[in-house]
Amino acid sequence: MSRFLIRRALINIPTLFVVALVTFAIMHATPGGPWDIDPGKRTADPKFQEVLNRRYGLDKPLFLNTKAFEAAWAERANPLRLTQALLDTQFWNYIWNLLHGDLGPSYRLRGRDVQEVMFFPESGEPIWTSRFGTTALIGILALLIAVTVGLSLGIIAALKQNTIIDYTSLFFATAAYGIPNFVLGIFMILIFAVLLNLVPVMTPPIWFEDSHAPNLAAAFLPALTLAVGPAAYLARLTRSSMLEVMRQDYTRTARAKGLAERVVVGRHMLKNALIPVVTVLGPALANLVTGSFIIESLFQVNGIGRLYVESISRRDYSMIMGTTLFYALLIVLANMSVDIVYGVLDPRMRMAD
Amino acid sequence: MTGTTSTTGAKLAKAQLYGGRKPTSLWQDAWRRLLRNKAAVAGMIVIGFFAVLAIFAPVISPYNPLDIPIPGNTLRPAAWIKGTTPQTTGDPRFILGTDNVGHDVLSEVIWGARTSLVVGFIPMFIIILVGTTVGLVAGYVGGWVDTILMRITDITYAFPDLLFFIIMMSALRDTAIGQLMNGLVLLFVSLSLVNWVGVARLVRGQVLSLKRRDFVEAARMIGASGPRIVLRHIFPNSLAPIVVVAAFNIPAAILTEATLGFLGLGIRPASDPKAVFQTSWGMLLLWGKDAMRSQTWLLVAPAVCIAVVMLCFTFIGDGLRDALDPMMKGTS
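Protein chains in written order, with this note's numbering: chain A, 19 to 371; chain B, 2 to 333.
Because the hints were derived from the structure by calculation, they are not lab data. Beta carbons: idealized from backbone N, C-alpha and C, even for Gly. Errors might be hidden in some of the hints.
A partial selection of chain B residues facing chain A, derived with a Cβ cut-off under 10 angstroms [stated by the list, open to error]: (1) Leu36; (2) Arg37; (3) Ala40; (4) Phe160; (5) Ile167; (6) Ile168; (7) Met169; (8) Ala259; (9) Asp273; (10) Val277; (11) Leu286; (12) Cys313; (13) Asp319.
Footprint (simulated), chain B over chain A, 3 or more residues, beta carbon under 8 angstroms [unchecked claim]: (14) 39 to 47; (15) 100 to 111; (16) 203 to 217; (17) 309 to 322.
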């Protein structure tokens with residue numbers, strides 16, 4: 019088992035490396051740079067740009083520093099120095115700093131580091147009010163909603179198979195699964211804020227300003243919007259998994275020996291039916307996470323997702339790299355968790371690998 | 002006289018052979034099952050309606066989306082809304098109202114159908130073509146082709162695809178390829194680059210499971226060449242899952258376009274009234290969302306259109322999967 023775990027974890031390293039490489043390459047192919055006021059249109063003073071570039075190491079080559087390599091070669095430097103000279107480039111320096119837990123300075127939010135912007139709040143506020151904390155709060159709320167609603171809908175639909183309840187919940191699950199979450203978010207805002215006037219159109223801050231406690235009322239609408247898709251998926255999966263279990267011999271045996279319906283459903287059916295459901299929680303979480311940057315932009319929530327979208331239009335290279343890698347890491351971890359859960363639940367998976 | 006007898010005889014023999022029913026192919030069976038699925042049929046009808054809108058957009062739409070029919074006639078609500086002043090009352094000439102420049106919203110929505118459907122279908126064909134070819138070769142030949150394919154799929158699966166689209170669209174926006182057809186070409190390329198991988202992996206799996214079947218062995222035994230085995234025996238038998246995956250690729254692509262448009266990274270708005278693709282639903286949402294409370298009509302129409310089209314394609318995909326399921330059993 020531990021060998022399986024270690025191997026499964028190691029596969030992620032080259033994957034994340036390629037994600038970093040591709041992001042870096044495409045990003046630097048972009049016209050415009052972090053110093054432009056309005057990327058692609060107005061450029062900063064060239065002298066000023068040059069100084070900034072040198073200060074942040076942006077004057078170095080992107081991937082391979084052949085000039086420094088030739089200079090070192092001429093000096094007959096040792097192989098270590100040669101490699102260092104060759105890799106004294108933007109990309110490899112970034113990777114080197116990354117390995118030391120340093121995501122670099124933000125190019126647009128001057129004086130702040132990327133990890134500071136992502137994981138630490140403005141000065142003086144508690145740590146959980148950071149952008150990461152905000153995204154996590156909404157994500158966890160959404161996951162809770164998705165699991166509760168999805169599982170109960172699926173179970174009820176399966177127990178009442180081929181009744182109007184089943185058809186209605188199945189229809190809503192299909193509909194909710196088919197509608198993109200930001201369109202759903204727009205409908206939510208139109209219904210709850212514009213039509214019913216229940217919540218303000220502009221989402222209030224997720225954290226109360228004085229007590230720093232989470233403002234669940236503000237977080238509810240974005241979380242609900244995020245949750246609908248995964249909830250529908252979970253409901254469909256739970257339903258079909260329950261129907262499968264219902265036909266099994268052990269269910270019939272449990273019924274035949276006169277157990278109460280509550281015990282049959284809870285002990286014998288649910289426990290077995292939930293195995294496939296548990297395995298998709300990882301991807302569902304990944305889905306929630308990547309859905310977050312649209313929802314955060316739509317509801318104007320100050321989380322990592324919104325930071326990501328903003329940093330792209332600002333050409334904030336280090337911030338784009340940091341947030342992309344953060345998202346990629348979450349997805350990779352989510353995928354890995356599925357494999358591990360599978361491995362725990364079904365030993366055959368480990369053998370097959 | 003004898004001729005008729007012999008044909009009736011043949012008919013009789015056939016009827017006995019097939020139990021009184023005409024023989025139907027697997028595809029005919031699947032088609033019949035699909036037609037029995039009410040949601041899928043409704044989906045196909047609605048998509049057909051949108052396809053007509055999209056194709057005949059210049060004829061159907063009352064104005065060109067770039068036209069400003071009446072100067073200064075901005076932000077007029079939908080026709081049935083009665084306001085207190087003439088400016089806040091709807092105008093029957095602009096059924097869905099006008100936007101903040103004075104463009105007719107109904108025309109914009111009709112032209113948006115064009116973009117969405119094209120984005121749904123064209124990358125799908127590229128994806129299926131490339132994915133199937135690579136999958137067939139990788140599955141049948143194996144070796145290094147297969148290894149490379151599997152490595153690429155591993156990485157693509159880990160790369161958050163929306164992140165990739167966002168980076169591609171914002172990075173290459175101002176390059177030559179980013180400007181072709183208002184950025185549609187770049188969108189096609191990005192979509193295809195990511196999505197062929199899933200198809201290739203699926204087809205490869207199909208080939209691997211079919212490769213050792215008796216009918217393939219038999220074909221090999223009577224001396225059929227590799228390409229012939231792949232094209233005549235393996236490919237037709239893996240067509241059903243390919244059709245299903247193609248059907249689900251369409252709404253995924255439409256969603257991506259709408260999402261990117263909503264983030265301001267989709268196709269660029271046309272400046273030439275003669276352009277084939279003028280606007281997209283995602284873009285209309287982006288423009289409408291700033292004045293959500295006061296100009297609700299700017300948002301409702303494109304949002305409903307996206308939701309309906311996505312829903313219909315999901316119904317069609319579900320229906321196709323159910324209809325083809327008997328053939329897919331044990332292969333996926």
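Hint validity - arginine 37/B Cβ closer than 10 angstroms to any chain A Cβ: 16 angstroms, violated
Residue hint leucine 286/B, partner chain A, criterion CB-CB below 10 angstroms: At 7 angstroms from the nearest chain A Cβ, leucine 286/B passes the 10 angstroms test, so the hint holds.
Chain A contact restraint for isoleucine 167/B - C-beta distance below 10 angstroms: 6 angstroms, holds
Verdict on chain B covering the segment 100 to 111 of chain A, criterion of 3 CB contacts below 8 angstroms: violated (count 0)
Closest C-beta approach of isoleucine 168/B to chain A relative to 10 angstroms, hint status: 5 angstroms, holds
Restraint check, 10 angstroms cut-off on beta carbons, for aspartate 273/B near chain A: Because about 21 angstroms separates aspartate 273/B from the closest Cβ in chain A, which is outside the 10 angstroms limit, the hint is violated.
Interface restraint verdict for aspartate 319/B against chain A (beta-carbon cut-off 10 angstroms): 7 angstroms, holds
Chain B over the segment 309 to 322 of chain A, status - at least 3 residues with CB closer than 8 angstroms: holds (count 4)
Annotated coverage of the segment 203 to 217 of chain A by chain B, confirmed only when three residues or more have a Cβ within 8 angstroms: The restraint on the segment 203 to 217 of chain A holds, since 6 of its residues have a Cβ under 8 angstroms from chain B and three suffice.
Interface hint compliance - cysteine 313/B to chain A, C-beta minimum distance less than 10 angstroms: Nearest chain A Cβ about 8 angstroms off; hint holds.
When the least beta-carbon distance from leucine 36/B to chain A is tested against 10 angstroms, hint result: Constraint on leucine 36/B not satisfied, violated at 19 angstroms.
Restraint check, 10 angstroms cut-off on beta carbons, for alanine 40/B near chain A: Holds, about 8 angstroms.
Hint compliance for this structure: hints 1, 2, 9, 10, 15 are broken, all remaining hints hold.
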